[in-house]
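Participant: Here's the letter readout for the chains.
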Amino acid sequence: MTTANFHPSDDILRDFAQGNVTTGMSVALSAHIELCSSCRTRSSELESESIMEWLKLEGDSEPDFSGMIDTITALPQLTTEPQINSAPVNSDDLAVSEIHMLDRSFTLPRVLARAASNGLKWNKLAGGINQAQVQIDNETQCEFLYMTPGSQVPVHRHQGNEVTLVLDGAFEDQFGHYGPSDFLVRNKRDQHQPSTEEGCLCFAVLDSPLTFTSGLARLFNPINNYRFRRATSQRF
Amino acid sequence: MNSIEEVTSKPAVESVKTDDGPSDEELLLAVGVSQDRRAFNLLFARFSKRIFAMGMKLTRNEQLAQDLVQEALMTVWTKAPLYDLDRGTAQSWIFTLTRNRCFDMLRKKKRQPQTISADDIWPQESDAEMSVVHEEQGSQAVEVAQIERLYEHLPDAQQAVIEQIYIFDRTHEEAAAELAIPLGTLKSRLRLAVAKLRTMIGVEQ
Numbered sequence: 117m118t119t120a121n122f123h124p125s126d127d128i129l130r131d132f133a134q135g136n137v138t139t140g141m142s143v144a145l146s147a148h149i150e151l152c153s154s155c156r157t158r159s160s161e162l163e164s165e166s167i168m169e170w171l172k173l174e175g176d177s178e179p180d181f182s183g184m185i186d187t188i189t190a191l192p193q194l195t196t197e198p199q200i201n202s203a204p205v206n207s208d209d210l211a212v213s214e215i216h217m218l219d220r221s222f223t224l225p226r227v228l229a230r231a232a233s234n235g236l237k238w239n240k241l242a243g244g245i246n247q248a249q250v251q252i253d254n255e256t257q258c259e260f261l262y263m264t265p266g267s268q269v270p271v272h273r274h275q276g277n278e279v280t281l282v283l284d285g286a287f288e289d290q291f292g293h294y295g296p297s298d299f300l301v302r303n304k305r306d307q308h309q310p311s312t313e314e315g316c317l318c319f320a321v322l323d324s325p326l327t328f329t330s331g332l333a334r335l336f337n338p339i340n341n342y343r344f345r346r347a348t349s350q351r352f
Numbered sequence: 044m045n046s047i048e049e050v051t052s053k054p055a056v057e058s059v060k061t062d063d064g065p066s067d068e069e070l071l072l073a074v075g076v077s078q079d080r081r082a083f084n085l086l087f088a089r090f091s092k093r094i095f096a097m098g099m100k101l102t103r104n105e106q107l108a109q110d111l112v113q114e115a116l117m118t119v120w121t122k123a124p125l126y127d128l129d130r131g132t133a134q135s136w137i138f139t140l141t142r143n144r145c146f147d148m149l150r151k152k153k154r155q156p157q158t159i160s161a162d163d164i165w166p167q168e169s170d171a172e173m174s175v176v177h178e179e180q181g182s183q184a185v186e187v188a189q190i191e192r193l194y195e196h197l198p199d200a201q202q203a204v205i206e207q208i209y210i211f212d213r214t215h216e217e218a219a220a221e222l223a224i225p226l227g228t229l230k231s232r233l234r235l236a237v238a239k240l241r242t243m244i245g246v247e248q
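These protein sequence lines map, in sequence, to chains A and B.
Going by this note's numbering, the first residue of the first sequence is number 117, and it counts up by one from there.
Going by this note's numbering, the first residue of the second sequence is number 44, and it counts up by one from there.
Only chain A is shown next, with the shape it has when bound in the complex (with noise of 0.2 Å):
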């Protein structure tokens, strides 16, 4: 299995660890650390901390709950671990566990498999991108990413964060090159123009929309901006 030379934070990785990141965010730092052990050690590591954190917190002003013992040990308990919405992940009952794309087929981490099990549908953007959304949740447009070898993405600039998991193949851009299991994190700062020689699937998560800064590619910036807003309006 190949390393990877981009990991999250320790940060990104504690906050996960606690249950405080989008669920777009979590799916892509699930699958990057299900690929790579060095992050699986970590944010176990973190998981800990963040326990021993929690064990010293006091409560000072907060109702008092006792009233629900009475309730809660009325009910009969569990034998066996619960089935329902954690069945275990079988290739054979999701409708996506692998990727082909030309003559490459890739399988998912487990999580993405998931993601995906709905089915995916891709479209072709310019310069040789296709695109498959995921919805995930209300807060973050999530999307497979395959470019096509020798393609390129148009110069664009993050209206926020945007972190791209590298599942097969490579891609570069200014910063450097990115292979296999690379996690990486752009925020909007970063002005950037992806290409790839070989060609490469990637995995993405935005938390708000990607502006073109550049030529006609920047026509699809109300489109995409109008697309995000209907994914995302579903807000509470």
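Fair warning: there could be bad hints in the mix.
Dumping the calculated DSS-like pairs for lysine-lysine here, alpha-carbon to alpha-carbon at most 27 Å [unchecked claim]:
| no. | chain 1 | residue 1 | chain 2 | residue 2 |
| --- | --- | --- | --- | --- |
| 1 | B | Lys151 | B | Lys100 |
| 2 | A | Lys304 | B | Lys153 |
| 3 | B | Lys92 | B | Lys152 |
| 4 | A | Lys240 | A | Lys304 |
| 5 | A | Lys237 | B | Lys151 |
| 6 | B | Lys122 | B | Lys92 |
| 7 | A | Lys172 | B | Lys122 |
| 8 | B | Lys122 | B | Lys152 |
| 9 | B | Lys100 | B | Lys152 |
| 10 | B | Lys239 | B | Lys122 |
| 11 | B | Lys151 | B | Lys122 |
| 12 | B | Lys100 | B | Lys153 |
| 13 | B | Lys153 | B | Lys92 |
| 14 | A | Lys237 | B | Lys153 |
| 15 | B | Lys100 | A | Lys172 |
| 16 | B | Lys92 | A | Lys172 |
| 17 | B | Lys92 | B | Lys151 |
| 18 | B | Lys122 | B | Lys100 |
Keep in mind that the hints were calculated from the coordinates and are not lab data.
Got chain A sorted already, so can you dock chain B onto it with the hints?
Facilitator: Just chain B now, with coordinates in the frame of chain A:
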């Protein structure tokens, strides 16, 4: 038996003994094994405020935080029979269960699609191993886990014998010498201990 990776992937939280009372693990096992309400009351007192505090931090909403206390402690009660020491400390077990319940509660509240749940995002470390073990060895694995847990409930003298024979892999003679007891005593303690374990896990003689 365990690879390094399995060991390091387990939460490394040391069990913290609060006050002078029983440890959180002892309480949780008592709730799971014998529906001990007194033990549950103690766990409730130790954890409800912490759970409320976590709920306030993640939801910033008092009503949701209260709901979380109810949901999380309900899960502690109903799932306690599934807890064993292989799953880490009681504290990390309750922490992850609370975080996961809170995550799913917020997703529901925000009307997010239900494709993904907290259990997909934080798969239980043991799931993958367990399912393989279960296919290969069926209920044996469950019994082994039970024995490891129940062994600690044996009288000290019997535990010492079991430890010599099954953990340090000594012969009966070596074990008797080590414990400075006659060979006959060792053998009868061993027999008693094994019989007691059998009864505890409900296996007929």
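Participant: All hints are to be evaluated individually against the structure, with a verdict given for each.
Facilitator: Status of each hint after checking the structure:
A hinted pair counts as satisfied when its Cα atoms are at most 27 Å apart, and Lys151(B) with Lys100(B) qualifies at roughly 18 Å. Under the criterion of a C-alpha separation no larger than 27 Å, the hint pairing Lys304(A) with Lys153(B) is consistent with the structure, at around 26 Å. The suggested pairing of Lys92(B) with Lys152(B) holds, with an alpha-carbon distance near 22 Å, which does not exceed 27 Å. For the hint pairing Lys240(A) with Lys304(A), the CA-to-CA distance comes to about 25 Å; that is within 27 Å, so the pair holds.
Distance hint between Lys237(A) and Lys151(B) is fulfilled; the C-alpha atoms sit about 25 Å from each other, no more than 27 Å. Among the hinted pairs, Lys122(B) with Lys92(B) is consistent with the structure: their alpha-carbon atoms are about 20 Å apart, no more than 27 Å. Restraint check for Lys172(A) and Lys122(B): the C-alpha separation of about 24 Å stays at or below 27 Å, so the hint holds. Between Lys122(B) and Lys152(B) the CA atoms are separated by roughly 24 Å; this keeps the pair inside 27 Å, and the hint holds.
Taking the CA atoms of Lys100(B) and Lys152(B), the gap is about 16 Å. The hint holds against a cut of 27 Å. A hinted pair counts as satisfied when its Cα atoms are at most 27 Å apart, and Lys239(B) with Lys122(B) qualifies at roughly 26 Å. A hinted pair counts as satisfied when its Cα atoms are at most 27 Å apart, and Lys151(B) with Lys122(B) qualifies at roughly 22 Å. A C-alpha spacing of about 17 Å is found between Lys100(B) and Lys153(B), which places the hinted pair at or below 27 Å, so the restraint holds.
Taking the CA atoms of Lys153(B) and Lys92(B), the gap is about 25 Å. The hint holds against a cut of 27 Å. The suggested pairing of Lys237(A) with Lys153(B) holds, with an alpha-carbon distance near 25 Å, which does not exceed 27 Å. Our distance criterion of 27 Å between C-alpha atoms is met by Lys100(B) and Lys172(A), whose separation comes to about 14 Å. A hinted pair counts as satisfied when its Cα atoms are at most 27 Å apart, and Lys92(B) with Lys172(A) qualifies at roughly 11 Å.
Between Lys92(B) and Lys151(B) the CA atoms are separated by roughly 23 Å; this keeps the pair inside 27 Å, and the hint holds. About 25 Å separates the Cα atoms of Lys122(B) and Lys100(B), which keeps this hinted pair within 27 Å; it holds.
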